[in-house]
Amino acid sequence: MRHSSNRRLLIPLAGIVLIATFWIGGSDWFSTAVAQEAGKAAGRTPIVLNTKPVRVVSDSAPVLSGIAIDTKRDEVFMTNDKESAEPSVMVYPTQFQSTDRVMEPKRRLAGPKTNLALPCGVAVSPEFQEMFAVSGDGQDINIFPLTAEGNSAPAREIHVPHASGGVAFDIQHDEIYITTEHANRISVYSRKANGDDDPLRIIQGPNTSLADPHGIYVDAERNEILVTNHGNWRKTRTGEAFALHGDSKFAFMRGSFSHPGTVEPLGPSSGKFMPPSIMVFSRTANGDVGPLRTIQGPHTRLNVAVGITRDPDSGEIVVANSGENSILFFDANASGDVAPVRVLAGPATNLKGATGVTIDTKHNELWVTSWENHIAAVFPRTAQGNMAPLRVIHSAPKGAPLATMGRLGAVAFDPKRQEILAPN
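Terminal number for the sequence shown in the working numbering: 424, no gaps in between.
Keep in mind that the hints were calculated from the coordinates and are not lab data.
Here a beta-carbon is modelled for each residue, glycine too, at the ideal position from N, C-alpha and C.
Worth double-checking, as some hints may not be accurate.
[Claimed, not checked] Cross-link-like lysine-lysine pairs, in silico, DSSO-like; alpha carbons within 27 angstroms at most:
id: 1; residue 1: K398; residue 2: K352
id: 2; residue 1: K192; residue 2: K113
id: 3; residue 1: K106; residue 2: K398
id: 4; residue 1: K272; residue 2: K106
id: 5; residue 1: K72; residue 2: K106
id: 6; residue 1: K235; residue 2: K272
id: 7; residue 1: K398; residue 2: K72
id: 8; residue 1: K106; residue 2: K362
id: 9; residue 1: K192; residue 2: K72
[As the list claims (entries may be wrong)] Have a look at the derived ranges for each label pair, beta carbon to beta carbon:
id: 10; residue 1: K352; residue 2: P112; range: 30 to 40 angstroms
id: 11; residue 1: Q95; residue 2: A220; range: 21 to 31 angstroms
id: 12; residue 1: G290; residue 2: P112; range: 26 to 36 angstroms
id: 13; residue 1: T147; residue 2: S269; range: 44 to 54 angstroms
id: 14; residue 1: E104; residue 2: P268; range: 44 to 54 angstroms
id: 15; residue 1: K272; residue 2: E127; range: 40 to 50 angstroms
id: 16; residue 1: T51; residue 2: E127; range: 48 to 58 angstroms
id: 17; residue 1: Q95; residue 2: Q418; range: 47 to 57 angstroms
id: 18; residue 1: G399; residue 2: N286; range: 42 to 52 angstroms
id: 19; residue 1: L402; residue 2: T51; range: 24 to 34 angstroms
id: 20; residue 1: Q418; residue 2: K352; range: 25 to 35 angstroms
Input sequences plus hints: build the corresponding full structure.
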């Protein structure tokens, strides 16, 4: 899931070894030499495989994940966070003739120079001609010119805590907002920040109730930050963060995962599973502060909520509800265990793993990326119910079998059913 070094879980099976590869973000962090040293310390000899696999199960088509629209140029930017399809940012026209065939992007940004790890979030600034990308397996905000393509290096990078979930840009205050999943953190940076520049503000700590935050949206008019939470909570300290590789200052905030041979003992468990939620914070919130309000509970229908946006006209909060294959619309002032005011869902929508969502205010259209079936679907802005999209972008042939693998963390074999199990 990223172009750097990887870690593998091996399971022997009737003379065959199953290998699930998951990427942890560091070309030096888990190299063969480090593995051998770790094995010696534990009194074991590691097995190093250097042979061609018997067979491979993979999905070579790019997925469509994060999304942002440049209404000035009528372009839509979408991220592909799948290693087997080379992580990338792809740019398409917002207006096009729909077809069942694979649609090639106008531009594609990919390659080792881009330093894109697993880009899951993207934001754009037409005013400053910049694009901001963050990665679930990286530790940078990669900033490119809007017209960047091919194997191009970022114009600059801001070093941030490992594993961002989403990114948003506030043109009015010239600020970039990101979420950090495992650290339950929101960080706010100046758009002009570079390298190890500190954030202007952070929202983090027990009082925030942040629990695995992913999508983020900034409403400069209402002075609000909207964020989706998956619900995986643990106690964090304000300012806590870490990096998995390199010389980032974050590497020293929790011992050091970035230096071979060092081991950090695990502290007492404080984790728990909470219901998924949408939280609304003051735009200027800083430190260990609680949200202004929270949307949470069984009536909300929230289930692995990822992307989030707001309709600037109606004020409705719009959420890509991946676990339910739906788009949920909440009242602008919704709070507590409230039902959405409308829902876009059903077989006609063709949504499967809805991940990103945004509104094209110029053409009054709603855009949704659908991770599991490799499409971006365009609907009327007021779409609801079991409505078919107006048009669709396919990044894989329609009807083709799709492995939909992106973030494999392990592998197991069920001998009774003769099935390979791989959590994604």
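How the hints compare with the structure:
With a C-alpha separation of about 13 angstroms, the suggested pairing of K398 with K352 holds against the 27 angstroms cut-off. At most 27 angstroms may separate the alpha-carbon atoms for a hinted pair to count; K192 and K113 meet this at roughly 21 angstroms. The straight-line distance between the Cα atoms of K106 and K398 is roughly 20 angstroms, inside the 27 angstroms bound, and the hint therefore holds. Straight-line distance between C-alpha atoms of K272 and K106 comes to about 44 angstroms, which puts the hinted pair past the 27 angstroms bound.
Restraint check for K72 and K106: the C-alpha separation of about 16 angstroms stays at or below 27 angstroms, so the hint holds. Between K235 and K272 the alpha-carbon distance is near 9 angstroms, which keeps this suggested pair within the 27 angstroms criterion. Of the supplied pair hints, the one linking K398 and K72 is violated, its CA atoms being roughly 30 angstroms apart against a limit of 27 angstroms. Note on K106 and K362: the hinted pairing holds, with a Cα-Cα distance of about 20 angstroms set against a maximum of 27 angstroms.
A threshold of 27 angstroms between alpha carbons decides the hint, and for K192 with K72 the separation of about 22 angstroms falls inside it, so the pair holds. A beta carbon spacing of about 31 angstroms between K352 and P112 agrees with the range 30 to 40 angstroms that was offered as a hint. With their beta carbons about 27 angstroms apart, Q95 and A220 fall inside the hinted range of 21 to 31 angstroms. Take G290 and P112: their Cβ atoms lie about 42 angstroms apart, and the range 26 to 36 angstroms is violated.
Here the CB-CB span from T147 to S269 is close to 48 angstroms, well matched to the stated 44 to 54 angstroms. About 52 angstroms separates the C-beta atoms of E104 and P268, a value consistent with the hinted range of 44 to 54 angstroms. One distance hint, 40 to 50 angstroms for the beta-carbon pair K272 and E127, holds here, with the actual separation near 42 angstroms. Checked against the given bound of 48 to 58 angstroms, the beta carbons of T51 and E127, roughly 53 angstroms apart, stay inside it.
At about 48 angstroms, the beta-carbon gap between Q95 and Q418 stays in the expected band of 47 to 57 angstroms. Look at G399 against N286: about 50 angstroms separates their beta carbons, and that is inside 42 to 52 angstroms. At about 28 angstroms, the CB distance of L402 to T51 agrees with the hint of 24 to 34 angstroms. For the hinted restraint 25 to 35 angstroms between Q418 and K352, the CB-CB distance of approximately 26 angstroms keeps it satisfied.
Consistency note: the structure conflicts with the earlier hints numbered 4, 7, 12.
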